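In the order they appear, the protein sequences are chains P and B.
Those letters in the first sequence? Residues 1 to 360, by this note's numbering.
Those letters in the second sequence? Residues 361 to 651, by this note's numbering.
Simulated from the structure, these hints should not be mistaken for laboratory data.
Every value quoted in this text rests on a predicted model; they were computed, and no experiment measured them.
Hints may be right or wrong, so weigh each one.
Restricting the straight-line Cα-Cα distance to at most 25 Å, the calculated cross-link-like pairs of lysine to any residue (SDA-like) are [unchecked claim]: (1) P/K73 / B/G415; (2) P/K73 / B/A472; (3) B/K639 / B/F422; (4) P/K73 / B/D546; (5) B/K639 / P/L24; (6) P/K130 / B/G454; (7) B/K639 / B/G454; (8) P/K130 / P/R173.
What follows is a set of in silico ranges between Cβ atoms, one per label pair, in the way DEER data are often shown [unchecked claim]: (9) B/F422 / P/K130: 34 to 42 Å; (10) B/L487 / P/Y13: 55 to 63 Å; (11) P/R7 / B/L564: 38 to 46 Å; (12) P/E101 / B/T386: 14 to 22 Å; (13) P/N163 / B/F492: 44 to 52 Å; (14) B/L511 / P/E109: 56 to 64 Å.
Using N, Cα and C, we set each Cβ at its ideal position, and we do this for glycine too.
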Amino acid sequence: MAGLELRNIAKSYGAVSVIEGVSLTVADGEFVALVGPSGCGKSTILRMIAGLEDISGGEIVIGSEVVNDLTPKERNIAMVFQSYALYPHMSVYRNMAFNLELAGKPRDEIDRRVQVAATMLELGPLLERKPSQLSGGQRQRVAMGRAVVRNPSVFLFDEPLSNLDAKLRVQMRSEIKQLHNKVGVTSVYVTHDQVEAMTLADRVVVLNRGVIQQSGSPMQLYREPANTFVAGFIGSPAMNLFDATIVNGTARTASGEAFVFEGAGKSTEGQSVTVGIRPEHFLRTGQGSSLTGRISTIEPTGGQTFVTVSIAGQPTVVTVSGDDNVSPGDELTLFTTPRQVYVFDAASGQRISENAHLRA
Amino acid sequence: MTDTATPIDAAIAPSSGRSLGIKTKTYLYAALLIVAAVVLVPLLTTALGGFKTLGDLRGNAFGLPQTWMVSNYTDILFSQRYWLQMGNSLLIAGLTVFLVLTLAAMAAFVFAHVRFFGSDQLLNYFLIGLMFPAATAILPLFIRIRDLGLLDTYWGVVLPQVAFGLGMSILLFRNYFRGMPSELFDAAFVDGAGYFRFFWHITLPLSRPIIATVGIITFVGSWNSYILPLIMLNSESKYPWPLGIMVYRGEFSTDWQLILAFITLTIAPTVIVFFAAQKHIIAGLTAGAVK
Numbered sequence: 001m002a003g004l005e006l007r008n009i010a011k012s013y014g015a016v017s018v019i020e021g022v023s024l025t026v027a028d029g030e031f032v033a034l035v036g037p038s039g040c041g042k043s044t045i046l047r048m049i050a051g052l053e054d055i056s057g058g059e060i061v062i063g064s065e066v067v068n069d070l071t072p073k074e075r076n077i078a079m080v081f082q083s084y085a086l087y088p089h090m091s092v093y094r095n096m097a098f099n100l101e102l103a104g105k106p107r108d109e110i111d112r113r114v115q116v117a118a119t120m121l122e123l124g125p126l127l128e129r130k131p132s133q134l135s136g137g138q139r140q141r142v143a144m145g146r147a148v149v150r151n152p153s154v155f156l157f158d159e160p161l162s163n164l165d166a167k168l169r170v171q172m173r174s175e176i177k178q179l180h181n182k183v184g185v186t187s188v189y190v191t192h193d194q195v196e197a198m199t200l201a202d203r204v205v206v207l208n209r210g211v212i213q214q215s216g217s218p219m220q221l222y223r224e225p226a227n228t229f230v231a232g233f234i235g236s237p238a239m240n241l242f243d244a245t246i247v248n249g250t251a252r253t254a255s256g257e258a259f260v261f262e263g264a265g266k267s268t269e270g271q272s273v274t275v276g277i278r279p280e281h282f283l284r285t286g287q288g289s290s291l292t293g294r295i296s297t298i299e300p301t302g303g304q305t306f307v308t309v310s311i312a313g314q315p316t317v318v319t320v321s322g323d324d325n326v327s328p329g330d331e332l333t334l335f336t337t338p339r340q341v342y343v344f345d346a347a348s349g350q351r352i353s354e355n356a357h358l359r360a
Numbered sequence: 361m362t363d364t365a366t367p368i369d370a371a372i373a374p375s376s377g378r379s380l381g382i383k384t385k386t387y388l389y390a391a392l393l394i395v396a397a398v399v400l401v402p403l404l405t406t407a408l409g410g411f412k413t414l415g416d417l418r419g420n421a422f423g424l425p426q427t428w429m430v431s432n433y434t435d436i437l438f439s440q441r442y443w444l445q446m447g448n449s450l451l452i453a454g455l456t457v458f459l460v461l462t463l464a465a466m467a468a469f470v471f472a473h474v475r476f477f478g479s480d481q482l483l484n485y486f487l488i489g490l491m492f493p494a495a496t497a498i499l500p501l502f503i504r505i506r507d508l509g510l511l512d513t514y515w516g517v518v519l520p521q522v523a524f525g526l527g528m529s530i531l532l533f534r535n536y537f538r539g540m541p542s543e544l545f546d547a548a549f550v551d552g553a554g555y556f557r558f559f560w561h562i563t564l565p566l567s568r569p570i571i572a573t574v575g576i577i578t579f580v581g582s583w584n585s586y587i588l589p590l591i592m593l594n595s596e597s598k599y600p601w602p603l604g605i606m607v608y609r610g611e612f613s614t615d616w617q618l619i620l621a622f623i624t625l626t627i628a629p630t631v632i633v634f635f636a637a638q639k640h641i642i643a644g645l646t647a648g649a650v651k
């Protein structure tokens, strides 16, 4: 086992730069998730760590060794792929044993390690089957088994759950978490699904256009997003964003709605800002200035109902309790709490407001 | 394990979902029967003709034999010449298939997976070979084989056949290899396999359809090849069957029924091999076409 460090790594294809100076330290045994929209470079970073992609600049360090020029095998990493990439003509046993066979390990040791991994992942009864005879979840477990048997220094996951249906995805998510708790190997997990990243990881790294936007614990990203990108990316449904201007220490939209926020001292009068409010932070009752809007659509999900309301001339998603009776056409009056109003500089996107979570 | 309902896949669903009208059906069967007849009638005429007497064949070319002359066939089957020529054909075809499969698979693997300077040009160079009919190159080919001292040897036929077969075979293999998921290669690379082990442990076991396809195409091409053996081989003991028939015709220029019997017996092995490998061939020809 070992930690992982990326020192200012870069990747470019000819003149096109995909990754620019990404630095990241993953502690020994830590579970880090890389999230970002499609094409943000997260899979490329993972493939660079794995040694499947050349590095244009910077250094990758595993343990205390610079591994830039080493093959994946020499780096001692294991990778779980999106499509599982099981060898279709080999049994589950041979799929798991293949890398040990290539490494020339003795037969009894191979057998012992495969059996241990199979027991850990409950694959015992399936060892003689071919991948085509397995369900999606079972294939995923074989792919993880194949990674576990070799005792890697680093585990890499490349969107491993995106081929599964919703129910199975939740189940496999907890299995991956259990596996990490049992094995405790340093893990890097790439996904475009922020829920997956937040539920699994000790630390989440948000990427956009090949640049790290913010890195922190899941709740830190949710409560104190560094900029509008992170604010819009983390949280579901996404944060509502309004264009506004600072007037007398409050953020005021063009149509006159005023938002009171904390940390107004850092803003300047007349500054163009973006106001962000999470759907779940709108309150039906409260004090101070209120917002009103007409309901256009309703999306019940059971415990909660997502209501789309027109506020400041734009559709705004509001989360209300599933017990509330709301119907399209109704007028909705909403309140906000200053601590839960996010204000970002419109030009740079950086957060101005202070939203530190106060523990009661 | 959670069981999820399998979605209905239109491609493998048991029926097309709607039944055809009677008119369409009639038209379909008529068209299929005509096409099938174009292939089957000459085959059957040949096979049945082998059972006739010469007079019967002249007067009644397409009907059933009046008397079944089984001896036409048995005489050939018990003659040494038939087995010698079959052996020669089999040896030449076998060597050709083996060499084409080995060389084309390895070359195609490199073209599909290894990026190197000039790979496109080199591939095009191989594909130019596709446009070359062997007949146009026959004189230089003859001179080269003579200089190599391979005239009147099996190799003198096998090597040019391999050379002419490589272009098409590399193309087919390469398309198939490129259709394999690249994550498979990544996984093998992470598992510690290099190019050689990936080729041997992963690519080849998964390539059975394309191996069967290229093998059959090459085999049939070599089995029916006439002009190359005609030019390269001189001694009758080395003749494959297409040349053997020529000799036959010289000796029995009037006995057409014997020639028909001989042809039937020589194409029988290819027909059998084709039926045995049919399933793989169809899979191989369509694979790589859509993705």
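Need the list of violated hint numbers for this structure, in ascending order.
Checked against the structure, the hints that fail are numbers 1, 3, 5, 6, 9, 10, 12, while the rest are satisfied.
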